[in-house]
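Q: Going down the list, the protein sequences come from chains R and Y. Take my numbering: the final residue in the first sequence is number 513, and no numbers are missing along the way. Take my numbering: the final residue in the second sequence is number 325, and no numbers are missing along the way.
Treat the hints as calculated values from the structure; they're not laboratory data. A virtual CB, placed ideally from N, CA and C, is assigned to each residue, including glycine. Certain hints may be false.
[What the hints assert, rightly or not] Some chain R residues flagged as far from chain Y (calculated, every beta-carbon gap over 10 angstroms):
| hint | residue |
| --- | --- |
| 1 | D140 |
| 2 | M191 |
| 3 | M313 |
| 4 | L373 |
| 5 | G482 |
| 6 | V483 |
| 7 | F493 |
[Unchecked claim] Facing chain Y, according to a computed beta carbon distance under 10 angstroms, are these residues of chain R, among others:
| hint | residue |
| --- | --- |
| 8 | I460 |
| 9 | F477 |
| 10 | V488 |
| 11 | G490 |
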Amino acid sequence: MLFSSWNFLVYFLPATVLVFALIPFRWEIIRKTWLIAASFVFYGYWKLEYVPLLAGSILANYAVAEGMVRASARWPRLLLTLGLVLNLLLLGYFKYTNFAVNFLGWITQSNLGNFNIILPLAISFFTFTQISYLVDVYRDRTVHARFLDYTLFVVLFPHLIAGPIVRHWEIIPQFATREFHVSRDNFGLGMALFLFGLIKKYLADTAALYADCVYNGAAHGAVLSTFDSWIGTLAFALQIYFDFSSYSDMAIGLARMLGIKFPFNFDSPYRATSIIVFWERWHRTLTRFLREYVYYTLGGNRCGHVRQMFNIMATMLLSGLWHGAGWTFVLWGALHGVYIIINHQWRLLLARLKWSLEHWAWRAAGVLFTFFLVSLAWTFFRAPRIDVAEKMLSSLLALHGVSLPDQWFAHGALRDNLLVPLGFQFVPTQALNIKHYENALANIAILLLVCWGMPNTQQILSRYHPILEPVTRPSWFHLKLGVGTGLVLGFIFYLVLRNAYASEPSPFIYFNF
Amino acid sequence: MSVPWRFILALPCGFLLGVGFFVAMLYTQLGADTQSSRWTYEIVQKKQAIAAKVSSPRLLLVGGSSGLFGLDARIIEEETGYRAVNFSSHAGLGLDYILYLAEKTARPGDTILLSLEYEFFESGFSYDVYDDYLLAHDPVYFRQLSWLEKAQMATRVSFTRIQRGWSIKRGKPEKTRPHAPYADALNDYGDEINNAVANRPTPPPRDLERMADPLLQGLPSGPNDGAAALKAFFAWAKANHVTVLATFPNIIYHPEYDQANARQAVEAITDFYKSQGIPVLGTARAAMLPADQFFNTYYHLTKEAAEVRTRRLVPELRPYLPPAP
């Protein structure tokens with residue numbers, strides 16, 4: 001069930017929150033059971049057949065964790081290995097079987113066919129959540145959650161499908177606090193966050209129109225101009241930014257309605273001045289997971305400089321594979337690995353030369369350059385095949401000369417007297433179906449301004465403590481939740497509902513992972 | 001900082017403001033004659049005029065365009081001597097509105113033969129044609145809708161449609177496109193007459209290729225909106241001494257229709273009519289005809305095929321018609 005769908009907004013959410021609010025606070029077990037049941041309904045709405053898979057995964061992981069708590073001597077290590085293997089096998093089977101079979105087929109130059117395996121929704125997320133729990137229990141045997149708490153921690157619907165990848169010590173203790181209920185503060189702030197998320201989803205869908213035109217056109221052999229490639233690349237960079245930002249806001253808001261605070265997940269990453277900072281801000285909870293459970297486990301920066309670079313590359317390759325079972329995702333991860341390694345070398349060089357790049361102009365240049373690199377890398381992320389990514393990149397970087405769409409730059413003084421003499425080529429790009437280039441440019445410019453000029457939702461609402469950790473960077477703008485804000489947000493909610501009524505909402509990009 | 005109550009209370013107020021704003025938008029453009037609704041309007045107007053001229057008792061053929069194209073009132077009248085009017089118009093108007101028009105037109109002693117498209121028994125009806133038509137041509141019906149229905153309509157009518165209505169109201173009528181060839185091609189019985197094989201569009205539209213698939217997906221087995229509307233209509237008919245009969249719409253035959261889910265869907269419809277005491281004329285299978293007998297969509301028969309189909313229906317119809325006056 002999508003957060004922006006009619007059924008979620010009109011039936012599921014009101015019913016879940018209302019019943020939860022009505023169950024007396026002292027009926028702890030019933031309150032938790034209700035949320036667990038609602039979360040399973042939320043999950044099962046997509047495909048009922050996979051509910052037992054989720055339930056089985058929870059049971060098995062809890063059993064392994066309990067085993068580790070109760071066992072002595074060498075058993076915990078064995079149990080942890082067993083738990084990790086089980087989780088990775090499950091993930092591997094559903095997500096990577098076809099990828100592996102295709103790869104084997106390519107190596108052996110034979111057609112091994114494809115298995116009809118449907119990727120269960122959210123499997124990457126609930127598997128990672130549970131792996132982190134197992135590892136934490138192994139590291140600290142005093143960690144112990146009751147089964148009901150553990151189940152609720154894993155299936156809680158706001159984070160079940162696409163994160164944030166929460167940790168048990170962040171969430172489970174909150175189930176025992178007085179804050180865990182639908183209070184005025186929780187509901188009001190949760191609604192505000194959720195509605196901000198819905199607005200951002202609309203922005204993401206606007207950008208998607210242009211990204212889809214260009215990438216789908218490129219995949220079907222349409223001619224691309226340099227100009228179109230940049231429109232498609234920027235549009236996708238903005239689409240995924242607003243899409244994931246919107247999802248994160250909605251997830252944080254939904255959890256907050258129920259009295260649960262989630263960690264910060266999306267911290268204006270396009271304002272990062274370097275790739276390292278970008279990864280500290282984009283999908284922060286995934287970065288944290290990879291850093292703590294993969295990068296540190298591989299040795300982090302404790303085993304020498306060369307080994308550290310290897311660890312970075314291995315972690316980023318894994319990150320790429322986690323996002324999708326395909327070579328385009330592997331290349332995306334590898335590219336980011338290279339970026340981060342170069343970024344580390346650059347930092348070392350700056351430190352050695354004792355240069356400081358804190359001046360606003362350097363910082364602005366850093367933001368622009370980081371955005372440029374990230375956008376280039378998104379090409380692999382979005383392209384359905386490597387050849388499409390190659391085509392996009394070759395056009396983006398004008399490897400065959402700078403070209404412009406023929407139908408937009410019609411014959412005239414500008415074209416004939418300036419652009420043609422300067423060596424610009426004109427290519428027919430009607431097949432891309434971008435009808436109004438002016439609108440595309442205006443939309444991209446507005447969305448870029450929002451990315452770079454507006455504070456993020458958590459900053460805007462920082463006075464109300466929307467997330468688990470304090471919002472560190474102050475903002476020039478704070479929103480006061482009063483009558484005016486309520487009226488505007490309520491009105492916007494109706495507009496979103498209209499949209500959900502009239503058309504199928506588009507899924508979140510991260511729902512695919 | 002705490003979230004004040006006034007913020008929480010302002011949220012639903014803002015929501016209601018949104019509903020009110022869009023309902024008001026609909027009110028401001030009532031009667032704006034959109035080009036897209038004009039054909040349907042003209043058909044309905046002509047049919048009402050034809051029906052008004054014919055004295056009761058009459059046979060009214062009621063349904064969407066499947067009945068308009070696929071049944072022939074002239075032949076029924078010639079064969080039975082019983083006055084008949086083809087009152088079918090456009091399935092996009094929705095079952096509620098089609099039945100409303102029938103109720104408005106029928107008089108005591110009349111007989112109504114329902115030939116309803118399969119989509120009326122499914123959920124997920126598309127309201128585009130209905131909304132467009134109502135706002136443009138039936139403000140009276142719009143005004144008598146409940147506030148909930150008005151709010152629903154305000155929620156589903158697209159911005160584009162609202163914008164069009166506004167423009168027309170501001171004195172910028174839409175450019176009139178040439179009528180569909182069948183828009184005003186009705187005979188004195190309300191039958192479509194421009195759907196002869198010779199007039200069939202070439203190449204045939206994609207609809208014909210795509211197959212009619214409402215039956216393939218199966219229909220909901222439980223009661224749905226269509227069933228509820230029909231039950232109310234049957235009760236009205238009984239109270240007003242109007243006899244109701246039912247038959248199946250003509251549809252392009254596909255071998256898949258012999259499969260279980262399609263057969264079950266048809267049986268569910270037959271059972272429903274029978275449970276309400278409505279005689280069902282003919283079988284669904286008899287109304288499934290080869291693609292070459294269709295005009296431009298999977299529900300629209302050619303004139304020639306409609307005549308054959310109607311002649312086959314007449315013997316089944318005759319026992320239910322009172323002696324010719």
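Q: Does the CB of G490(R) sit less than 10 angstroms away from some CB of chain Y?
A: 2 angstroms, holds
Q: Taking 10 angstroms as the cut and beta carbons as the points, is G482(R) off the interface with chain Y?
A: Non-interface label fails for G482(R): nearest chain Y Cβ at 6 angstroms, not farther than 10 angstroms.
Q: Over 10 angstroms to the closest beta carbon of chain Y is the bar; see if V483(R) clears it.
A: At about 5 angstroms from chain Y, V483(R) fails to clear the 10 angstroms cut-off, so the statement is violated.
Q: Against chain Y, with CB atoms and a cut of 10 angstroms, does the hint on V488(R) hold up?
A: Constraint on V488(R) satisfied, holds at 6 angstroms.
Q: Does the claim that F493(R) lies outside the interface with chain Y hold up, using a Cβ gap greater than 10 angstroms?
A: 6 angstroms, violated
Q: Does F477(R) pass the interface check with chain Y, least Cβ-Cβ distance below 10 angstroms?
A: 15 angstroms, violated
Q: Minimum Cβ distance from I460(R) to chain Y below 10 angstroms?
A: 13 angstroms, violated
Q: Holds or violated: is the Cβ of M191(R) farther than 10 angstroms from all Cβ atoms of chain Y?
A: 6 angstroms, violated
Q: Evaluate the condition: distance from the CB of D140(R) to the nearest CB of chain Y exceeds 10 angstroms.
A: At roughly 35 angstroms from the nearest Cβ of chain Y, D140(R) sits farther out than 10 angstroms, so the non-interface label holds.
Q: Is the claim that L373(R) lies outside the interface with chain Y correct, judged by CB distances over 10 angstroms?
A: 38 angstroms, holds
Q: A cut-off of 10 angstroms on Cβ-Cβ distance, and M313(R) was said to be off the interface with chain Y. Does that hold?
A: 45 angstroms, holds
When the structure is compared with the earlier hints, violations turn up for hints 2, 5, 6, 7, 8, 9 and for no others.
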